[in-house]
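J.: Given next are the chains, with one letter for each unit.
Number of protein chains: 2
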Amino acid sequence: MIHPVLLCGGSGTRLWPLSRQSYPKQFARLTGNESLFQGSARRLSGAGFVAPLVVTGDPFRFIVTEQLAQVGMAPQGILIEPEGRNTAPAVLAAALWLARRDAAALMLIAPSDHVIPDDTAFRAAVAAAVPQAEAGDLVTFGIAPTRPEIGYGYLELAAGAQADAASPQPLARFVEKPNAARAEEMLEAGHYLWNAGIFLCTAEAIVAAYKTYAPEMLEAVAASVEDAETDLGFTRLAAEPWARAENTSIDFAIMEKAGNLAVMPYAAGWSDLGGWDAVWLESGPDAAGNVCSEHATAIACEDTLLRSESPDLELVGIGLRDVIAIAMNDAVLVAHKSEAQRVKEAVSALKARGASQAVQLPRDYRPWGWYESLALGARFQVKRIVVNPGASLSLQSHHHRSEHWVVVEGTARVTVDGEVSLLGENQSVYIPLGAVHRMENPGKLPMVLIEVQTGSYLGEDDIIRYEDVYARS
Amino acid sequence: MIHPVLLCGGSGTRLWPLSRQSYPKQFARLTGNESLFQGSARRLSGAGFVAPLVVTGDPFRFIVTEQLAQVGMAPQGILIEPEGRNTAPAVLAAALWLARRDAAALMLIAPSDHVIPDDTAFRAAVAAAVPQAEAGDLVTFGIAPTRPEIGYGYLELAAGAQADAASPQPLARFVEKPNAARAEEMLEAGHYLWNAGIFLCTAEAIVAAYKTYAPEMLEAVAASVEDAETDLGFTRLAAEPWARAENTSIDFAIMEKAGNLAVMPYAAGWSDLGGWDAVWLESGPDAAGNVCSEHATAIACEDTLLRSESPDLELVGIGLRDVIAIAMNDAVLVAHKSEAQRVKEAVSALKARGASQAVQLPRDYRPWGWYESLALGARFQVKRIVVNPGASLSLQSHHHRSEHWVVVEGTARVTVDGEVSLLGENQSVYIPLGAVHRMENPGKLPMVLIEVQTGSYLGEDDIIRYEDVYARS
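Protein sequences appear in the order of chains A and B.
Residue numbers 1 to 473, in our numbering, belong to the letters of the first sequence in order.
Residue numbers 1 to 473, in our numbering, belong to the letters of the second sequence in order.
Note that these hints are calculated values from the structure, not bench results.
Fair warning: this is a prediction, and the values are worked out from it, not measured in the lab.
It is possible that part of the hints are untrue.
Where chains are identical, the list cannot tell them apart; a pair therefore holds if satisfied intra-copy or between any two copies.
EDC-like cross-link-like pairs, simulated, lysine to aspartate or glutamate; straight-line CA separation at most 20 Å [unchecked claim]:
#1 Lys444 <-> Glu66
#2 Lys351 <-> Glu294
#3 Lys337 <-> Asp303
#4 Lys444 <-> Glu425
#5 Lys351 <-> Asp312
For reference, chain A alone in the conformation it holds in the complex:
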């Protein structure tokens, strides 16, 4: 049985505005009806796999549980990194957590923000790598290159190895990201594969490698796992020792040094979706080279990606060539494909002038569901609030605002200053300034409520929490 270890602590901005710090790429629906994270979890499920172990950051913990629930899955554990310190400490924490249960546990370590279209081929490759991993080697997956890419590291196969073999091959060395000329040479040479950052090994084998090549990190992360606290099913790694672990990648800390490495070649399609140009390519352009989402219309365009991310938003492109246009309710990106990697500059520019769009989505995910602001005036705000079945907001009060709640879907149980009432569709309640109140969804369907806030200050931080089932008070 294989334990999928899904790394999803990252918060890249190369796919802004869809990917934001508050809701990064792995949770977005980029190439289909499921998020990259959901696709990764589903790919590594079924026969031969146990439930995944997820390593993520605190802001994403409820997104992880919600998205797994949506595809009918539950994790065997969710490790919360006190802060992102790259892949080396994250993988080690997962290995130590698994090793406490079964030192021989087979781990398939994978980023959760990649696209691998052929699930069957990928599962077959994983299965083919199992014997070598069980024998104690660290098996890394090498992707057959399709272009002279300068954005990836490469794996050089040992002399005599077969780049298209259906079994793990011996590795000569890791190769850093090349320049264009070197990338061309490697593509022609035929015995270089892309390093996809996917590994299969036993927990004890990888822990042993850390013991040899990164003993200080092992000490720090072991202490962090040892002192971890369990909270609503999440495992919160201890912050103090975690901060001592070097902020580095597993490639650099372990893989480039270890001797017991092998490469499993993989040629059935893979992308890290490292930019909008890659999303265009992976989305299957039509004969004219265009990719259009629903509510997007291309007129006389070529090799262009047009995505509307909202049913309320019509996007039209006319006479465009090699353009990426991503339209969301609060932000629109239009970029020439060759410059799509400069999206980070845009995010920096927006950050510099304090635009919330740089880091936040309009929809804010919470443990109990989500909300979005529909209208914001000087002294009022209107929100749509969606509460999951069985979920409950904290018992709270506000100093500076009163609230009107109107239930428009489902049933709400509302507590105001100790008085409990049930509200159905089309019923409303008023929460005076200072009143201690709580909103719950006792039903079996999502509850949707329109909240009209009035007051002199409407910030999210005007909240006093008295009780919270999500341990936020």
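Please arrange chain B on chain A, whose structure you already have, making use of the hints.
T.: This is chain B only, laid out in the frame that chain A set:
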């Protein structure tokens, strides 16, 4: 004294998504803080001008009064065309309406969707044309061409006329829109000016010209003016005779035939903003050729127009050249500048699939103010409703929905089944299904109200009107 006659019945789509059938270009803020219509009205105001006479369509009548009020103006009259039949009947209706008061009235007839940046120069040109118009000639304004434009008609000056004179010059003939080669020739020849569709003449002179060249139209439009009904200060031209007036332009019906024509040359800047490329040009591109609105960011762009039409919407352009990007809350246009004239195809495509964005703005202007939909679910809708000071919605009821109203700014007087109450900020009222209700703003400031509708059918046509101060019941 000059009577400005502002033609604003048009509903072009070349500037979609800003200009839509429900709220066309002349009412949009395209190049500054006032709309083109407001700019046109203000330009023809002050010393030497009386209040404007406006010719428009029924859907725009309250936009006209509201926009004039915003710039502190009131019209001397608003003629409502039963249907748009091009400029010939519209100009004639205005001339007949004025001639009944003063046959010698001087009319300055102008489209209301043009940009003329130099008000002083334009007023001076109008003043210079007055003597010739008073003498009974039809003076047309000819714009000094700055490029071999194929989108305009031209005015050919008579031999010996001066194309840069400060007084009206004799005209040889009207020239239809040329091909590119002919446009180049005319630009080089130096005695051709663009036909801007702006005319100065007396009411009796232009009526006399219709009598000679379009007697049937004169009969029809005279009957339409004769039988017009006055309604809340609007003059509704009679529909039956109006329908008999030929649907044609004043150029074709009169100007190309009349003998008493003169041309007033004008060289201080003019544009009809006939497309987004023209808006880019008239908006004053920076050194890199870019024009960026508030909330728009250009990174490595050249000769590009980036407009965000909402403070909630960040637009970013990266690596673009000769691109137009217009971002609105419900629609986004991205077009290569050379293809900007194909926006009409986009509007047709959206119409074909029933997208309301083809014709309607999210904000709906009404006689009493405006509203917009903030959220629409299967069985609920949330609206922001803004009621002008002193204004009143109709007394009405609905068959299929109940409503919650929460006042968030100003004061509302609310009538529900005969009971009247005053609601201040942060107060709410419930309107049960079937209740006869009315909303008024008795105050001196705009009143803003959040309406949450619940019901099985939420269309605007579920309304029974009992009384309406705007004569809509």
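J.: Just pull the numbers of the violated hints for me, sorted ascending.
T.: none
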